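Asker: Letter by letter, the chains look like this.
2 protein chains.
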Amino acid sequence: MIQTKIVTIGDELLIGQVVDTNSAWIGKQLNEIGVVVKNISSIRDTEVDILNELDDSEMDIILVTGGLGPTNDDITKETVANFFDTELYLDEEYYQSLEALLIAANLDMNPLNKAQALVPRGCIIVPNSKGTAPGMHMIRNNQHYFFMPGVPTEMKQMMLDHIIPQIRNTFQLKSVYHRTVMTTGVPESELAIKLESWEKQLSEQISLAYLPNINGVRLRLSCYDGDESLKDEINNHVNYLTHNHSDFVYGEDDQSLAEVVGKMLVERELTLATAESCTGGHVAHTLTQNAGASLYYRGGIIAYENEIKIEELSVAAEHLYEYGAVSKPVVLNMVRGAVDKFHADLVIATSGIAGPTGGTEDKPVGTVWIAVGNRHRIVTKKLQFGNSRERVIRRTTMTALNILRNEFLKK
Amino acid sequence: MIQTKIVTIGDELLIGQVVDTNSAWIGKQLNEIGVVVKNISSIRDTEVDILNELDDSEMDIILVTGGLGPTNDDITKETVANFFDTELYLDEEYYQSLEALLIAANLDMNPLNKAQALVPRGCIIVPNSKGTAPGMHMIRNNQHYFFMPGVPTEMKQMMLDHIIPQIRNTFQLKSVYHRTVMTTGVPESELAIKLESWEKQLSEQISLAYLPNINGVRLRLSCYDGDESLKDEINNHVNYLTHNHSDFVYGEDDQSLAEVVGKMLVERELTLATAESCTGGHVAHTLTQNAGASLYYRGGIIAYENEIKIEELSVAAEHLYEYGAVSKPVVLNMVRGAVDKFHADLVIATSGIAGPTGGTEDKPVGTVWIAVGNRHRIVTKKLQFGNSRERVIRRTTMTALNILRNEFLKK
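So the protein sequences, as listed, match chains F and A.
If you read the first sequence in our numbering, its first letter stands for residue 1, the second for the next number, and so on.
If you read the second sequence in our numbering, its first letter stands for residue 1, the second for the next number, and so on.
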């Protein structure tokens, strides 16, 4: 098995000022070509820590990100040169390509940019189409070292355009097969019980992982070096889950719920609008993160103030007075008002107490009303999402989209 | 110096299905009490990998998260018991507290929950007020091991309520001092040049780090075990940056730009509304993520379709026809329309091509118009944010908020 590790360099990672998202992305890309990452390490920006990680004879591939930026706090390149008993030199060819790039972008060749063309002797330069810092590939004793900038867009194109193809050409890779099913609305332990009898039927060579995050729980089925029958088995399990638990299983892999709902709207040639209070634009943002949302999303209103609910969505003032803004009559009003306003086939409406203040004994922080529908039919739901503002906003969005999805499934 | 490392357990981290946000959070908390994390490692959910990380005589503190969940893919507890040459037993006291918790929540004591009360002999149980899995504290040869669940809310309360106080009581901690200044709108290399002469004046014991992310670049000034004069120097530098570069320096530490703008609105007793096209609700969401947004945010409209721009914001149809939706006249119209609609003192309006499609030669993907103001004065800006949909949306939001902030600074 090919031994691989990822090293991310930067004090900012260790003191928690930056979350390392690069490693997860790299891990995922490698996993798809059958390279299993054994270890991810984040280390400080010091020579001794960097040398310590580079000096690892167990590894066939070491991928390093960070520490190649133009500013003065980066010492990676000098350390790499030391580690390989060589020196930095100005690569004339790279320098010229850099110059051309800067001229095209109407920028000056300042000393910081010029220093980018310094690389250790013996390295193969990995081109950077999104920035000025070159990537570097060093080989010694059949160990492959790849050094990349920490800026995600620059790192990603280097991986996709150069490093992944290089790894595929160099190593004999074993096969990996997995599929992931996305669920929402059911907590992990409840889900495990719902799926207990199904889980017992899995072959021993298939592993199942529960991967919870703020939006739901993903279920990953994997096998390594499996034959076709194992892959078929995984496929059958995915089909089973998708068909028999469609109320909470909404898709596969990294499909977002908004994407799935968007596709359903396009297929049915229906349009959607939003009328939000507690989610403050998050439902709209979640929908419009998807390219192509303009095919079905007409627009939305954030009726944060009660006055706006009355004026813009024709919410009855007496309903607000009698039941409060977080109530079934008000979200019903909001749907009807928004259908008219946006000439939309369907509307999602939300009203709740996102917190941390504004709760009462009757309606504690986290109480949310959702309504989804149109003039003919509206589904409403009352929920309790606890006392984290972020969680209330996100769960409300996911639940509202899932209600809409389940409405489509019924027909 | 106290040697500390963080270990996160889970195959899902290594294959990139989950981004490790726990480590950054833990690193930050420790840093605040003067504990510098030397290493963060993510490893697979296997006995050999876990044992390998636990067996580290260099470390005084080892913090482990993950692998304590109720489902079957977790083997951490057995491995911990092996490592400490002990066995798992059912802790009666914990079991009873668990039972009480489940009864209160109207849930059953299922076998998965019962297994949570199994812990290695000799461990000190760290209570979990947010879930069912207990934390564990083991001590051997003056090394302190803390095991926590991977669920962020559970891990966080254990750290804050028990583990941080425990570390403070056990170790003599050295002092650390840093301040971080938040900037937006200026790329890292340009920023480095703008600040070059200032940077040269920093004392040698003060380190400066540039920390770029999608919202801007943070500048962190740090000193370890420094005397008062060094701290004063850092404070003076922060004042200098805040006052002399206020156009792009918007705040400190982890203040968000939306928070800063919100505070300015409250101080001036002004209200704000939004009229969004390309940002699709993201400006509103960014504003309303802040608790207390209801003090100044009245509401907003997402006018995704041109028809909505005309009907709801009184955008002139001939302007849309003549100049297109992404144009100065249209964003000016949008501000004026939204001021009337929401009776707001100020409005932010956006219109752009978020991509990946919809670009033309004249207006390529990434072209954005922003307008900020009211009936009396409107500032407009045309920008180009490139071809990533996410980046176009986020940068547009940041730029719009920064334009508003700069307007307040002028007065």
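Treat the hints as calculated values from the structure; they're not laboratory data.
Honestly, I wouldn't trust all of these hints.
You can't tell identical chains apart in this list, so a pair holds if it fits in one copy or across any two.
List time: in silico EDC-like cross-link candidates among lysine to aspartate or glutamate, alpha-carbon distance up to 20 Å [said to hold, decoys possible]:
hint : residue 1 : residue 2
1    : K28       : E228
2    : K130      : E390
3    : K114      : E196
4    : K156      : E228
5    : K130      : E190
6    : K328      : E99
7    : K411      : D345
8    : K114      : E188
9    : K194      : D108
10   : K411      : E269
11   : K410      : D345
12   : K156      : E390
13   : K130      : E188
14   : K363      : E87
15   : K410      : E196
16   : K28       : E269
17   : K156      : E188
18   : K130      : E204
19   : K381      : E228
20   : K114      : E190
21   : K130      : E407
22   : K263      : E99
23   : K381      : D227
In this text, all values refer to a predicted model and were calculated from it rather than measured experimentally.
Asker: State for each hint whether it applies.
Answerer: Okay, the hints, checked on the actual structure:
1. Taking the shortest Cα distances, K28 and E228 never come within 20 Å of each other, neither inside one copy (23 Å) nor across copies (47 Å).
2. With identical chains, the CA atoms of K130 and E390 are at most 20 Å apart between copies only, with a shortest distance of 16 Å across copies and 33 Å within one.
3. For the identical chains of this complex, K114 and E196 are inter-copy neighbours only, at 16 Å across copies versus 60 Å inside a copy, given an alpha-carbon limit of 20 Å.
4. Taking the shortest alpha-carbon separations for K156 and E228, neither the intra-copy value of 32 Å nor the inter-copy value of 43 Å comes in at or below 20 Å.
5. For the homomeric pair K130 and E190, the shortest alpha-carbon distance between copies (16 Å) is at most 20 Å, but the shortest distance inside one copy (45 Å) is not.
6. Within a single copy, K328 and E99 get their C-alpha atoms no closer than 63 Å, and across copies no closer than 35 Å, so neither meets the 20 Å cut-off.
7. With identical chains, the CA atoms of K411 and D345 are at most 20 Å apart within one copy only, with a shortest distance of 15 Å there and 46 Å across copies.
8. Taking the closest pair of Cα atoms, K114 and E188 come within 20 Å of each other only across two copies (15 Å); inside a single copy the shortest separation is 52 Å, beyond that limit.
9. For a Cα distance limit of 20 Å, the shortest separation of K194 from D108 across copies, 14 Å, qualifies, whereas the shortest one inside one copy, 62 Å, does not.
10. In this assembly of identical chains, K411 and E269 lie within 20 Å of each other by CA distance solely inside one copy; the values are 15 Å within and 50 Å between copies.
11. For a Cα distance limit of 20 Å, the shortest separation of K410 from D345 inside one copy, 17 Å, qualifies, whereas the shortest one across copies, 46 Å, does not.
12. Proximity of K156 and E390 under a CA criterion of 20 Å is satisfied inter-copy only: 15 Å between copies versus 29 Å inside one chain copy.
13. For a Cα distance limit of 20 Å, the shortest separation of K130 from E188 across copies, 14 Å, qualifies, whereas the shortest one inside one copy, 40 Å, does not.
14. Taking the closest pair of Cα atoms, K363 and E87 never come within 20 Å of each other, the shortest separation being 67 Å inside a single copy and 46 Å across copies.
15. When the C-alpha separation of K410 and E196 is checked against a cutoff of 20 Å, the pair qualifies neither within a copy, at 26 Å, nor between copies, at 63 Å.
16. Taking the closest pair of Cα atoms, K28 and E269 never come within 20 Å of each other, the shortest separation being 35 Å inside a single copy and 48 Å across copies.
17. Taking CA atoms no more than 20 Å apart as the test, K156 paired with E188 passes between copies only; the shortest distance there is 19 Å, against 32 Å inside one copy.
18. Proximity of K130 and E204 under a CA criterion of 20 Å is satisfied in neither setting, with 45 Å inside one chain copy and 33 Å between copies.
19. In the homo-oligomer, the alpha carbons of K381 and E228 never lie at most 20 Å apart, since the shortest distance is 44 Å inside one protomer and 57 Å across protomers.
20. For the homomeric pair K114 and E190, the shortest alpha-carbon distance between copies (14 Å) is at most 20 Å, but the shortest distance inside one copy (58 Å) is not.
21. Neither within a single protomer nor between protomers do K130 and E407 lie at most 20 Å apart by alpha-carbon distance, with minima of 43 Å and 33 Å respectively.
22. For the identical chains of this complex, K263 and E99 are neighbours neither inside a copy (45 Å) nor across copies (44 Å), given an alpha-carbon limit of 20 Å.
23. In the homo-oligomer, the alpha carbons of K381 and D227 never lie at most 20 Å apart, since the shortest distance is 46 Å inside one protomer and 58 Å across protomers.
Of the numbered hints listed earlier, those contradicted by the structure are 1, 4, 6, 14, 15, 16, 18, 19, 21, 22 and 23.
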